[in-house]
Amino acid sequence: MTTNFATSPARVRALFERIQQNRYLGLIGLAVALLAPFVTATNYALSVMTSALLFVMLAVGLNIVVGYCGLLDLGYAAFFAIGAYVSGILATRYGWPLLATVPVVIVAAVVAGIVIGGPTLRLRSDYLAIVTLGFGEIIRITANNLTITGGPSGIYGIPGITLLSLDLSSPVGLYYTCVVVVALAVLGAARLGRSRLGRAWRFIREDEDAAEAMGINTYRVKLAAYIGGAIWGGLAGILFGAQLSAISPPSFTFLWSALILMAVVLGGMGSTPGVVLGAIVISVLPELLRQAADYRYFIFGILLIIVMIFRRQGLWPARAAERQSRRDMRKAKEHDLPKAKEVVP
Amino acid sequence: MTQLIWNGLFVGSFYALVALGYSMVYGIIRLLNFAHGDLYMLGAFTGFGVLSVAGGLVTGLGFVALLIVLVISMLVTGTAGLLLERIAYRPLRSAPRLSVLITAVGASFALEYGMRLVAGPNPEVYPVRLAGDSINLLGARITIQQASLILIAVLLMAGLQWLVMGTGTGRAMRAISQDPTAALYMGINVDAIIARTFFIGSALAGAAGVMAGGYYGKIDFLMGFIIGLKAFTAAVIGGIGNIKGAMLGGLALGLLESLGTAWIGGQWRDVFAFGFLIVFLTLRPTGILGERVTERV
Amino acid sequence: MSTQEPAPLLQVQDLHLDFGGVKAVDGLTLQVNEGDVLSIVGPNGAGKTSAFNCITGFYKPTGGSITLEGVDITGLRPSAIAARGTSRTFQNLRLFGELTVLDNVRAGMHLRLRQNALDALLHTPRFRRSEREATDEANRWLDFVGLRGDRGGLARNLPYGEQRRVEIARALARGPKLLLLDEPAAGLNYGEKNELLDLLHRISVLGIAIVLIEHDMDLVMQVSRRVVVLNFGREIADGTPEEVRRNPAVIEAYLGKDDADEATSEEMSHE
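Protein chains in written order, with the numbering used here: chain A, 102 to 446; chain B, 734 to 1030; chain C, -12 to 258.
Think of the hints as simulated: they come from the structure by calculation, not from any bench.
Treat the hints with caution; some may be incorrect.
A few chain A residues facing chain B, derived, Cβ under 7 Å [said to hold, decoys possible]:
(1) GLY130
(2) GLY402
(3) ILE403
As the structure is a prediction and not an experimental result, all values here were calculated from the model.
All C-beta atoms, glycine included, are put in the ideal place defined by N, C-alpha and C.
Same shape as in the complex, but just chain A (with noise of 0.2 Å):
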């Protein structure tokens, strides 16, 4: 934080918004993420980092279906579920490396995630939140009681990744998958927000009546998103059972989805650098505050009703205005005008 300098708040302010729009802000995040290994490289270093990783995809694919699209998903962790399932009942069971689990997550984590948003989706937004809490624990519930998902004891023994001969299953190994993996969700659902179908999100938060009037199915586009969300969260799944090599059903309850949600509300809505500050905030800071274990959940529940009432934007707010750039200036100046031919589809 910047308040040990003397500046006036508003030269802090003006310091804070230069380093928000700086275009190499995800490098320097990237760098930070490949380095930080040198600095400290103890397994349970490497444990805690890989796990923030994860929350960190997580909680961006959570902000595509909340932040972006406005929906309450609170069943995000089932996504999780999902994926970890899935792929974890592949390699186990049927003897498949991880990679070659990823088309059939992603198959599956879409297909969740129609059977769920397609009949909600129409109903008013809020039964969404409600639905996705029950079907959260729909999920939970049967992995415990079926026998192919190991019923309460889970599934154990899930190998580590390997690429091609390369083996990636040491600590070290699947770190520097995760950065790569996650650097790619980060940056694919940042070029998704600004988009055409990103806009459409936005659109729909802002006002549903007003973007279907404007030619916006905004049944299918919040489908998009949501199936959006459920494929970074199953993908997610994949990268957890890797990790741990065992999951249960515990692992998956509405904990996880309202500590996913507090990354992203906590982060700010929308906004890519802050909802993965959010995530790490939330997924590291615990294992800092050992001794607070009681006391966190009731603070984080605490924590989110003072941001909804007091700092609604999150801790690092989405960025809301637009430069723009010289060329659209000049371009501004010429009153070329569309003609009614050229503008109709």
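We have chain A; now place chains B and C onto it with these hints.
Relative to the frame of chain A, chains B and C by itself:
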């Protein structure tokens, strides 16, 4: 079979009591109060606390004691609901719906883990159990206390029905749910009525909590989570915002669960209930008694 | 080439809309041709906005049919109707307040941008081109409506009159054949109204048919080629501004029965 129906009605009446508050709050300010189930939990723990403190004094009195405990718990949870609305929801009344929903999740979390701090993570055994003499009614065994609890639930619901349909407060509630701005112009104290709605809804949830404590015999800090979901399901089945619908939906869900689990096995009970919610939302989102709502542009 | 007369741009036939017993629209029939500038006027509660909402798909009519260029669009979802070449504004301004002005206008172009999710993920040349074109066209529409103010800033930070312009620019960016404006002059000052009048003329020159709901009679009389008067959900007059002004039924609807008698007798004595 009759035993299954009785059990279903029994559990259903808890669902109905919790669903009522859910539905009332939703009806009046269109808020899904995720913390509502946790008020049920709070009610159960308040009852537990009172019974433990009063200890031997009440165990002898049995059922009457439970009634007194019930009233105290209702007052406590009602007040908690009131505070919740005042602190967490009122500042956000004009905020986007998403913010309010997130606040509700935060409130739920704070209540659950706040209670965990106070009472510890392990389940507590309720000091009063509704065992005792059972009578045979239409081939099912139920105890007199159990029957009385159903009676209390019915009385509470009847009281609520009277309150909403027969008093000025009820009229004001209905006016606000129709059009809050117009209600304000008509001189209705909207804040006060919303606060009252929270009080009543939370008190009913608290009552259900005490009753459930007595019925199941065990309580824990996460017990409100599932019941909140079930109550919402019940409210949706009946048509959310509709009081009679919430009662009907609660009983219907209790019966469905009771019969359904007999058929597919107890470990699938919750899956069955939530699956039913999803199917119901798909086929008839307005519920049994719900009217078609055209959202105004 | 078919010899039969082309279908009208918009044909509303015997439209009904009931709200639990209240007949908001009660047998409305209306035709809009290419190049029309049609005003719908009528007392408050006459069913003007309800009719708009039926035409644009926000309400499902309880009876009757709506066709666009001969194709039945009754009961389609709003986006499907918009995709067939209509566009609208809202009575009380529905901008995406937390988004930039440019993004608001880009919303109108959603259906025309040629890029998919994969293009966006890989930043293909097609994606870059399509984004560039979107920005250019958004800027051109903002020029067209004469927006003053920061285009990269949030829409909610603009003054009210400018927000109205952005909403029209957004609707135009949809590329409509038929533009429906719900009280575009509401809340505008005198100067802004004149600019709106000019803007409506220029939109009409682009070959876009305009239907507007408006209370400002000066504006209606100056801009419209045809005026339709609604009362109690049905049409009571249809004609040129001048014809409608003289129509006794219209005068009655606006002034009440007694005044209307006086007014018409006055008219007659002039003749």
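Going through the hints against the structure:
no.: 1; hint: GLY130; result: violated, 26 Å
no.: 2; hint: GLY402; result: holds, 3 Å
no.: 3; hint: ILE403; result: holds, 5 Å
Hint check: a violation occurs at hint 1 only; the rest are consistent with the structure.
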